[in-house]
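Please model the complete structure; the sequences and the hints are all you need to start from.
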Amino acid sequence: MTQPEDRLKTQLKTMMDISRAIGMLGGLDVILNRMLEIALRSVRADHGAILLLDPHIKKLVYRAIKGERRTKKRTELKPNDVDGKSAVGWVVMTGKSVLNPDVKIAGHYRRNFKEVKSNCAVPIPIEGKIEGSLLVESTKPNAFTPEDQALLEAITHIIGAVIAEKRSLLKAKALSEILTNMSGTEPLSERLTKAVV
1 MTQPEDRLKT
11 QLKTMMDISR
21 AIGMLGGLDV
31 ILNRMLEIAL
41 RSVRADHGAI
51 LLLDPHIKKL
61 VYRAIKGERR
71 TKKRTELKPN
81 DVDGKSAVGW
91 VVMTGKSVLN
101 PDVKIAGHYR
111 RNFKEVKSNC
121 AVPIPIEGKI
131 EGSLLVESTK
141 PNAFTPEDQA
151 LLEAITHIIG
161 AVIAEKRSLL
171 KAKALSEILT
181 NMSGTEPLSE
191 RLTKAVV
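Following the numbering used here, the numbering of the sequence shown begins with 1 at its first residue and continues without gaps.
Among the hints, a few may not be true.
Taking lysine to aspartate or glutamate pairs in the DMTMM-like style, the calculated list, with each CA pair at most 25 Å apart, reads [said to hold, decoys possible]: (1) Lys117 <-> Glu127; (2) Lys96 <-> Asp54; (3) Lys140 <-> Glu115; (4) Lys96 <-> Glu153; (5) Lys171 <-> Glu131; (6) Lys117 <-> Glu37; (7) Lys58 <-> Asp81; (8) Lys104 <-> Asp54; (9) Lys173 <-> Glu115; (10) Lys59 <-> Glu76; (11) Lys96 <-> Glu165; (12) Lys104 <-> Glu153.
With beta-carbon atoms standing in for the labels, derived distance ranges [as the list claims (entries may be wrong)]: (13) Gln3 <-> Gly128: 34 to 40 Å; (14) Asn142 <-> Asp29: 28 to 34 Å; (15) Pro141 <-> Thr94: 20 to 26 Å; (16) Arg167 <-> Glu115: 33 to 39 Å.
If you're looking for bench data, these hints aren't it; they were derived computationally from the structure.
A quick note: this is a predicted structure, and the numbers were derived from the prediction, not measured.
The beta carbon of each residue, even a glycine, is placed where N, CA and C say it ideally should be.
Set out below in structure tokens:
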């Protein structure tokens with residue numbers, strides 16, 4: 001096979017893997033971890049992370065992290081600012097992907113691991129807003145291509161759709177619980193008063 005045929009085969013396999021991951025039973029963290037694994041494998045990355053914007057602290061928090069030398073749990077990692085200093089912060093701030101073939105000369109790179117030579121960060125759109133970033137890193141310079149970036153962008157659109165669906169399901173469940181708790185023999189005005197107070 002030629003290189004373009006190999007890349008197309010990889011992209012199609014990636015989309016099939018994502019379809020299976022979405023169909024998995026489990027919470028959002030399980031699905032995000034699986035999708036990150038698929039993304040890393042698809043672009044031959046050494047490390048990667050999915051970060052989502054926490055609206056309370058207005059910072060990016062790690063929701064999934066994978067790869068070599070990633071020994072800390074995601075909850076032990078400090079949140080990232082939404083700024084131009086890091087690739088993930090810049091991506092969320094601008095809504096544009098960034099491909100850094102050499103992180104030493106990159107304008108948007110915060111060095112966390114000295115062995116990282118190149119990276120790519122793409123935005124995660126959720127219901128029309130940029131609310132996160134997918135980051136992949138390599139120990140090799142020039143590891144990622146514009147085609148890899150395009151594939152990662154397709155993956156993040158799927159991630160955004162999955163997150164939006166999970167949020168909708170949680171809202172529906174919460175509304176159902178409220179309505180269930182409000183049922184009874186009391187008049188509706190009394191039940192509403194109790195629910196508010």
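>> Need the list of violated hint numbers for this structure, in ascending order.
In response: Violated: hints 1, 8 and 9.
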